[in-house]
Amino acid sequence: MKKKKLAVWKFASCDGCQLSILDCEDELLTLAAQIEIAYFPEATKTVIEGPYDISLVEGSITTAHDAIRILEVRKNSKLLISIGACATSGGIQALRNYVKVSEYINAVYARPEYIDTLETSTAIADHVKVDYELRGCPINKYQLLEVLSSFLHGKKPSIPDHSVCLECKLNGNPCVAVSRNLPCLGPVTQAGCGALCPHYHRGCFGCYGPKENPNTEALALYLTQNVVDNHTMLRLFRNFNAASPSFSKESKNYEKQ
Amino acid sequence: MKNNEKTREIKLDYLARVEGEGSFYVKIKDHEVIESKLKIFEPPRFFEGFLQGRSYSEVPDITARICGICPVAYQMSSVHAMEKICGYKAVGFIDKLRRLLYCGEWIESHALHTFMLHVPDFLGYPDAIAMAKDHKDWVEKALYLKKAGNDIVNILGGREIHPINVKVGGFYRYPYPAEFKEVKERLQKAQEIAHSAAQWMATLEFPGFEFDYEFIALHNEGEYPMNHGHIVSNKGLSLEAETYEDHFSEEQQPYSTTLHTWLDGERTVFTGPLARFNINFEQLSETAKSLAREIGLYPVCKNPFKSLLVRMIEIFYACEEAVRIMDQYVFPGEIDDHVKPKAGVGRAATEAPRGILFHRYEINERGIIQNARIVAPTSHNQRIIEDDLRRLVIQFEDLNDELLTERCEQAVRNYDPCISCSTHFLKVNIERE
Chain A
60 MKKKKLAVWK FASCDGCQLS ILDCEDELLT LAAQIEIAYF PEATKTVIEG
110 PYDISLVEGS ITTAHDAIRI LEVRKNSKLL ISIGACATSG GIQALRNYVK
160 VSEYINAVYA RPEYIDTLET STAIADHVKV DYELRGCPIN KYQLLEVLSS
210 FLHGKKPSIP DHSVCLECKL NGNPCVAVSR NLPCLGPVTQ AGCGALCPHY
260 HRGCFGCYGP KENPNTEALA LYLTQNVVDN HTMLRLFRNF NAASPSFSKE
310 SKNYEKQ
Chain B
475 MKNNEKTREI KLDYLARVEG EGSFYVKIKD HEVIESKLKI FEPPRFFEGF
525 LQGRSYSEVP DITARICGIC PVAYQMSSVH AMEKICGYKA VGFIDKLRRL
575 LYCGEWIESH ALHTFMLHVP DFLGYPDAIA MAKDHKDWVE KALYLKKAGN
625 DIVNILGGRE IHPINVKVGG FYRYPYPAEF KEVKERLQKA QEIAHSAAQW
675 MATLEFPGFE FDYEFIALHN EGEYPMNHGH IVSNKGLSLE AETYEDHFSE
725 EQQPYSTTLH TWLDGERTVF TGPLARFNIN FEQLSETAKS LAREIGLYPV
775 CKNPFKSLLV RMIEIFYACE EAVRIMDQYV FPGEIDDHVK PKAGVGRAAT
825 EAPRGILFHR YEINERGIIQ NARIVAPTSH NQRIIEDDLR RLVIQFEDLN
875 DELLTERCEQ AVRNYDPCIS CSTHFLKVNI ERE
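Protein chains in written order, with the numbering used here: chain A, 60 to 316; chain B, 475 to 907.
The set of hints was computed from the structure by calculation and includes no laboratory data.
Below, simulated PhoX-like cross-link-like pairs (lysine-lysine); rule was C-alpha separation at most 25 Å, straight line: (1) A/61 - A/215; (2) B/610 - A/62; (3) B/610 - A/63; (4) B/513 - A/104; (5) B/610 - A/104; (6) A/104 - B/501; (7) B/607 - A/64; (8) A/159 - A/311; (9) A/63 - B/607; (10) B/607 - A/61; (11) A/134 - A/188; (12) B/607 - A/62; (13) A/104 - B/511; (14) A/61 - B/610; (15) A/64 - A/214; (16) A/104 - B/607; (17) B/610 - A/64; (18) A/188 - A/137.
All chains should be built: construct the whole structure from the sequences, respecting the hints.
As structure tokens, then:
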């Protein structure tokens, strides 16, 4: 059987999610034997022309040039999977969406006129049809392997969509909100990290973005009445998935207070 | 690439196997470079902008996101800068664990760069996976090494990319010594691999290309530098992070989103493993020094292509150092790592895998960041990379465009430019006149 062609694309990002592929130390050579790595500039000079069977897209759209480039990627891909918080929600750089971007440019660059950028940082799905989204900042490499092997074998990936809170229960972590009185986004954040932060004695800060139908309002109300001030609450929702709709909406309630 | 009677033009349109995007354009006339541009086209992400208004306690988590390849470096520079403002100094075991975490990042980052990104250039493969067809043994060993480094970051940091356990003051959770048992065994084997890999890589062919660089690195008498030291150079520079900004300035180019760093307005510097090695050879362990001598590597090594070998020496050293720290570590009884905010300005520089990483923050009495400045290793090296490429195309002018382009790519990779830090790489574009 002919091997499926894989392409890995980068937009505005830290490279961490695509690095997850190379971080599959035990599985990399097996993976490479199953799939043809046709385009992956971080790892290889080889460029095999499209169309590609699977495109993994990392990063968010922040420039006019990239807004056009993603259309080309879509056209050249049978299946497009966006990976990581930047690609699925705009990433940490979506914090620009809440200010005038010119303020940031002036804070960072002496010659703002050389900088070409959009007012917002947006998810891939805001621009093109996305076939599957894998969450996380960074993604979990085992989830990535599950997604790739599922699509190679024509089945639906088995990625849990429950909360970090449930992951904690499954792992037997004592609840850090109860036992340590820490602010924790576990009840509203999608699982995937293995409830890492509570295991390390700190509250969840939302790397995997909102779970389905999160009750952010109740959580924020509880936390602001009992644990943190409004500014801290605002900042908790405004991290790596700041522009995901439910976190964005909830954060706005704490903007002016 | 195009050639005609008058001009020779070489384009490196998209440099592969570097972490980022960029291009290089050069125009040659009468054996001289008349124009060159090293362009970085990574979209700007404005970290310094959105750090304003955030809490001092958030810097390790936020700045880690600048780079997925060296997040630990960003965490280390940021917490040290904050702690300086707050008048806090981490006690011994915290300091040692931070060094251990850095060892992990150096090992995984260097293993990735040497075997998977740089060695394929020397052997003429497009990538490590293609290389695995003929050198499966080495690729497997490389992955073993990389994993050993990542294991350290995993245990101490929670995960290898964007670790979650570093805080201003220390760590959220301190590991039990028993957690290190397996990785210690792995590291001993990794050190043997690094030893034999250094011997193997020393047999590769290195282009005869030397220059009298100004190498800059952290330096302190007590140890090979990671988190501590003055910033010194082989040309007499010696300063503390506090006065860094009096000497180093950044300049913006119209064609690049990476800022170019100058020393005292006119000097071009070289940071990274080769600089560290040249300045801190005496601080290496005896075993690392003797391995270096065995493969013919002595300070001052002026051939940037040999940074490949220096990275192997550093992996070897970091494996040894990591085991040493783990052996001495006992679970701390009482821990006071709480840091109260205080208004002020703080600066710190640490040694990222790719060289000096400088952070400065100003915070108010509630710990809210007023402004921030971050200078990544790739900014420090940007000018020297461009200079090397200019010299290289003249020295190797007789090569055809394809080979010359390959040589340029290999030369860029000497610096392991982590372009997402500021930036990504590279198109080469050579025009001959």
